[in-house]
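Protein chains in written order, with the working numbering: chain A, 1 to 286; chain B, 1 to 335.
Don't read these hints as lab results, they were simulated from the structure. A few of these clues could be false.
[To be verified] Here chain B is said to cover these stretches of chain A; the calculated rule only asks that three of the stretch's residues, wherever they fall, bring their Cβ under 8 angstroms from a Cβ of chain B:
id, region
1, 97 to 103
2, 212 to 224
3, 244 to 256
4, 261 to 271
Quick caveat: nothing in here was measured; it's all calculated off a predicted structure. Yeah, the Cβ is synthetic: ideal placement off N, Cα and C, and Gly gets one too.
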Amino acid sequence: MAASRGLRLAAWHLSRSFASMLGLVLVTAIVLLALLGPWIVPYPDDVAGSVSLINKLKPPSAAHWFGTDEVGNDILTRVIIGARLSLLVGIGITFAAAAIGVPLGILAGTAGGAVRETIMRVTDLFLSVPGLVLAIALVAALGPGIVNAMIALVLVWWPGYVRLAESKALSIREEPFIEAARVAGAPSLRILWRHVLPNSLSPIIVKMSMDIGQAILAVASLGFIGLGAKPPTPEWGAMISIARGYLPDWWWYAICPGAFIYASVLGFNLLGDGLRDILDPRSNRG
Amino acid sequence: MFLYLLRRFALAGLMLFGLVCLTFIIANIAPADPAALAAGPDAGRSQIEQARREYGLDKPLPEQFLRYVTDLAHGEFGRSVASGRSVGRDLARYFPATLELCLVAMTIGLIAGISLGMLSALFKDSWLDHITRIFAVSGIALPPFWFGLLLQLGFAVWLGWLPTSGRIGVSTEPPDPITGLLLVDSLLRGDGALFGQSLSHILLPAIVLSLPCLASILRVNRSEMVEALRADYITAARAHGVAPWRLVTVHALKNAMLPTLAIIGLRWGWMMSSTVLVETVFDWPGTGLYAVSSAIAGDFKPVMGVTLIVGLNFMLVNLVVDLLYGVLDPRLRDA
Numbered sequence: 001m002a003a004s005r006g007l008r009l010a011a012w013h014l015s016r017s018f019a020s021m022l023g024l025v026l027v028t029a030i031v032l033l034a035l036l037g038p039w040i041v042p043y044p045d046d047v048a049g050s051v052s053l054i055n056k057l058k059p060p061s062a063a064h065w066f067g068t069d070e071v072g073n074d075i076l077t078r079v080i081i082g083a084r085l086s087l088l089v090g091i092g093i094t095f096a097a098a099a100i101g102v103p104l105g106i107l108a109g110t111a112g113g114a115v116r117e118t119i120m121r122v123t124d125l126f127l128s129v130p131g132l133v134l135a136i137a138l139v140a141a142l143g144p145g146i147v148n149a150m151i152a153l154v155l156v157w158w159p160g161y162v163r164l165a166e167s168k169a170l171s172i173r174e175e176p177f178i179e180a181a182r183v184a185g186a187p188s189l190r191i192l193w194r195h196v197l198p199n200s201l202s203p204i205i206v207k208m209s210m211d212i213g214q215a216i217l218a219v220a221s222l223g224f225i226g227l228g229a230k231p232p233t234p235e236w237g238a239m240i241s242i243a244r245g246y247l248p249d250w251w252w253y254a255i256c257p258g259a260f261i262y263a264s265v266l267g268f269n270l271l272g273d274g275l276r277d278i279l280d281p282r283s284n285r286g
Numbered sequence: 001m002f003l004y005l006l007r008r009f010a011l012a013g014l015m016l017f018g019l020v021c022l023t024f025i026i027a028n029i030a031p032a033d034p035a036a037l038a039a040g041p042d043a044g045r046s047q048i049e050q051a052r053r054e055y056g057l058d059k060p061l062p063e064q065f066l067r068y069v070t071d072l073a074h075g076e077f078g079r080s081v082a083s084g085r086s087v088g089r090d091l092a093r094y095f096p097a098t099l100e101l102c103l104v105a106m107t108i109g110l111i112a113g114i115s116l117g118m119l120s121a122l123f124k125d126s127w128l129d130h131i132t133r134i135f136a137v138s139g140i141a142l143p144p145f146w147f148g149l150l151l152q153l154g155f156a157v158w159l160g161w162l163p164t165s166g167r168i169g170v171s172t173e174p175p176d177p178i179t180g181l182l183l184v185d186s187l188l189r190g191d192g193a194l195f196g197q198s199l200s201h202i203l204l205p206a207i208v209l210s211l212p213c214l215a216s217i218l219r220v221n222r223s224e225m226v227e228a229l230r231a232d233y234i235t236a237a238r239a240h241g242v243a244p245w246r247l248v249t250v251h252a253l254k255n256a257m258l259p260t261l262a263i264i265g266l267r268w269g270w271m272m273s274s275t276v277l278v279e280t281v282f283d284w285p286g287t288g289l290y291a292v293s294s295a296i297a298g299d300f301k302p303v304m305g306v307t308l309i310v311g312l313n314f315m316l317v318n319l320v321v322d323l324l325y326g327v328l329d330p331r332l333r334d335a
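Okay, chain A solo, but in the shape it has when bound (with noise of 0.2 angstroms):
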């Protein structure tokens, strides 16, 4: 009963909302795209990188919303397949970054010490490279290529949810409930778990959904410049590196996956902005 009502209250936050409901709109399309991509392209023949030259780099028309690219394949479906390679590889990057730093973070804050001073001083290491720069410097070590692009912005991520989990720890281990787990008898263990993840949630699940985003544009970001997946994939940022050398003359070319990524990057962002005014209210909105 408690749980619906909570439920129907936040639904009424998100929906009071124009940017909230924008957000939700814009990741279930994507989401929905991702889902159903092979079933709804208009060419599905094109996915598999099927050649026909007489169709190549025709402007958008009613046959192709956004026109052809190099080898005579619709631009549109390419880019709606892309969209679980995207998606994917995003949640995927996120919720690996959450797993490494989310339980150091609140190790750090719970235990305190020297564990902590050494948790903390290798995350501000980790954060003192700009995050791009030190991805570029790890795919160069592992080689270029969409799992490696992964990896490095894994290590790249972990630390921003270090010091999230670890300042909420802070706070929340002060709290009196903690204490009287503890003195109640509850192994440290439990109260880690049962007491302080759930009640640091919140900011690590807003700080989520928009890492989704931001991980989404960092994997474009990675195959634009070359270090990400290769172009024959349908990866979003591959293909406006490639579309790059067809400017100025084929622009549109360019126009449509680039406008995907804003899409989805967008929708995160704004979702997570939702969610945080529904789910951490008193938090500082800079």
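Once you have looked at the hints, place chain B on chain A.
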């Protein structure tokens, strides 16, 4: 205050050492053989062995690390395999270009962000406020490389108002560097034509680079200003007959300065990240483009050099920001 300074500098020194360690670790955890990387992608077995001896890669790791640190202390970043040039010298040439781009972008972000934030707080919930808010959200979500291409297409190719790429015209001989920042150098030499040329070249990439930063500054200034305009001391000042423009630009704005400063520190790193993309789009000869082209060519030393230099720069900026914080907010000095 002295203790605050001392602690802050000690921490910066520690971080710098950590950064050196981090690059060393990255170079050594790589699944690829570092000697093969150092010898270049086309090297044969004997060349790799030769590189291994030449770079001391056959020595135990602690000894290699010691050598790495001493080399860095002498400003020796190693050599690029692709060009054979010294990475240190390349960095000295490319870094000012990146710095100039970031400085101009930050200036745009500050001026536009603060004034737009102020305006949308003054006209809260008007159409102007809504438009700037949409603009602010877009600023963070727009892929910089795509937005760069669009601006290039619009302003350089179709309208022909601004040059497409590069730092100065192809036929112009770059002047001997004084500071390495072309805008400053051309002013120092009193060369108006060169100044105009470098300004027209830097405008588009700097705008693209400034957008996320502009958006954050805008949001913070808006919320701080909305808060401040409701505060008692502003009402009191208004009652004392302080002019409305003075109220806003002097009394209320002061409050937004600390959070804006914090954003500069944070966003400088983001900006340095985005230079990688923006410089690729606009062919801007800076460290970002250098890192990308080297990483693609499998040329390892330049990438590590850029990581070190950019990391060092980011640390210094944060150090300066922290010190300014201490100056602006006396409460922090004792903390």
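Each hint tested on the structure:
Requiring three or more residues with a Cβ within less than 8 angstroms of a Cβ of chain B, the coverage given for the region 97 to 103 of chain A is violated, as only 0 such residues are present. Coverage of the region 212 to 224 of chain A by chain B holds [criterion: at least 3 residues with CB-CB distance below 8 angstroms; count 5]. Check result for the region 244 to 256 of chain A against chain B: holds, 5 residues qualifying (beta carbon to beta carbon below 8 angstroms, three or more required). Given a C-beta distance limit of less than 8 angstroms, the hint that chain B covers the region 261 to 271 of chain A holds, as 6 residues qualify and 3 suffice.
In summary, the one numbered hint that this structure violates is 1.
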